[in-house]
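**Student:** Here are the chains, one letter per residue:
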Amino acid sequence: MLLLGGAVLLNLVIGAVRVPPAAVLGILLDHGGVSTGLEFTRQQEAVVWNIRVPRVLLALVVGAGLGTAGCALQGVFRNPLADPGIIGVSSGAALGAVGLIILGVSPLGQWSIPAAAFAGGLVLTLMVYALSRRDGRTEVVTLVLTGVALNAIAGGLIGFALFYATDAQLRNVVFWQLGSVGGATWPNVRPAVLAAVVAIVPLMRYGHRLNLLALGEREAYHLGVDTEQLRLQVIALAALATAAAVSFAGVIGFVGLVVPHMLRLMLGPDHRTLLPASALLGAAVLAMADLLARTIVAPAEMPLGVVTALAGGPYFLWLIHRTRRAQGGWG
Amino acid sequence: MKLEARAVSYRVGPFELVRRADVMVEPGEFVAVVGANGAGKSTLVRLLAGDLRPTEGTVLLAGKPLDRYRAPELARMRSVLPQQSRIEFSFTVRQVVEMGRSPYLGRGTTPGEHEAAVARAMAAADIERLAGRAYPGLSGGEQARTCLARVLAQDTPVVLLDEPTAALDIRHQHRVLSVVRGLAERGKAVLAVLHDLNLAAAYATRVVALHRGAVAAAGPPAEVLTAEVLSRIYEHPVDVLRVGEPPRLVVAPRPGAVTAGFGPSG
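Protein sequence lines correspond, in order, to chains A and B.
Under the working numbering, think of the first position of the first sequence as 1, with each following residue one higher.
Under the working numbering, think of the first position of the second sequence as 1, with each following residue one higher.
Next comes chain A alone, as it looks inside the complex (with noise of 0.2 angstroms):
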């Protein structure tokens, strides 16, 4: 809770614009509809109140969609590893995303590409779903091996729509492919943060359930879990989540497997406080990298990708060499 105000603060604060905390607060508080005597000027609000809270509310309903999927998917699938890519959602993202840049046709304006991505994701997650299941069931391993085998098509349709792609068209993709909140605007906050809320809520109460599924399918089933629902609900709001993050901030990688396998380290595994904490410290994360990505190189700006990966990559390294070490190896 702390990091992510702080977070959020060292955001409003940091920029071009020097703007001081105490206008900060001032700004907020006026666009609340509370007058104070905080002064500013009309440039830092509209810095501040057009600009920099947007970007990080985004940054910030990203953040939480990714930690809270990862941490559902990695309950639902009782597989620590399992990240937010693996039911397919990114991929078929991006997918979509990729088709329609190459295609260069915005039939929905702005729209066009959150619209496009968010299908694409969707009904890539569907797909590996549909065909994983079998007289009513579904096994997770067939689940999972299904993901990978589409996951490698829908790459390889990425691969073969970039070998037609104009320069220009490529630079668009591997910037869209790199994520960002940048893009950020109030007109496109608004519905990432309802798609995003849409679907996060309701994954808070899979907890308790998510725990009795660790116990194994079987015995989930025994203590009463109806664990095809479960299995079924979890990861139709995962896909929400995760699809709402990626069609607006593009691919953004390791908040989803990181953010919860930190929080697991510190709190234990239980997934009631595991899921509501995942929301928080993603949500932290992804306005720091923000912060990040827009202040080292500034006054250019990094893809946010590229810092989450950077600090998400060796980070996972660092935890497979501590799990070997604590279990003498893998299984």
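Since the hints were derived computationally from the structure, they do not count as laboratory data.
Every residue gets a Cβ at the ideal spot worked out from N, C-alpha and C, and that includes glycine.
One thing to keep in mind: the hints can contain errors.
[Said to hold, decoys possible] Derived, one-sided and incomplete: chain A residues facing chain B with beta-carbon distance under 7 angstroms:
1) G216
2) R218
3) E219
4) H222
Please build the complex by placing chain B on the supplied structure of chain A, with the hints as guidance.
**Tutor:** Just chain B now, kept in the frame of chain A:
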């Protein structure tokens, strides 16, 4: 509450794992299921638990077919101990046992009652000492006792156990089966797969012997655990002795002849 399998069969491709089996467990009974590897014991437990749907026949719980119950309802009527449980996340022993109470959460049971049920279950399985330890770090026997405590905490009228004693030392085998027999004497309907025939002879009120998926014999231990039946279903010569006063059954398989010529040749 009575659990009854009527002429159930279970087929996977060309293999018939359970063949037209009739098995019944009534309140107050401790039914031991015995049989060779692959005789269909675990499949039978899974059919009785509702994990698998019989290809033919029906399983009735309290007179109603199993597939007409919803999972939460079933969880308050029967508990199940599967053969082994792997848990990926480091829940503590106490957390695992507390999960056994989840079918009753939000149904008017007070926290004190939950607490008492968990404490009783942990005492019965002799794991109080382990309460704060992480489940994945326990030995096989300790894990088995933790899972058993989870099942005991669920406190259902029907209890199904798949090899509750397989990983346990002698003291804990007897301790656990005394607890299980006690459940039956308090009016629960208990069915357990047991590999150790001497334990089945000592604790069960009835024995069901499976042979290649079908019920080969069923009845009181003294009638089923005979040299003739056991030699047939295990396809190996077995003697049954009566020892001590009052006499108890002791099952003694005959040693096989030493097999010559197995190993590196030349």
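**Student:** Indicate, hint by hint, whether the structure satisfies it.
**Tutor:** Cross-check of the supplied hints:
Taking 7 angstroms as the C-beta cut-off, the interface hint given for A/G216 holds, the closest approach to chain B being about 5 angstroms. For A/R218, the shortest C-beta to C-beta distance to chain B is roughly 5 angstroms, which falls under 7 angstroms, so the interface hint holds. With a cut of 7 angstroms, the hint placing A/E219 at the interface with chain B holds, because the nearest CB-to-CB distance is about 6 angstroms. At about 4 angstroms, the closest approach between the beta carbon of A/H222 and any beta carbon in chain B falls short of 7 angstroms, and the interface hint on this residue holds.
The structure fails none of the hints (numbered hints given earlier).
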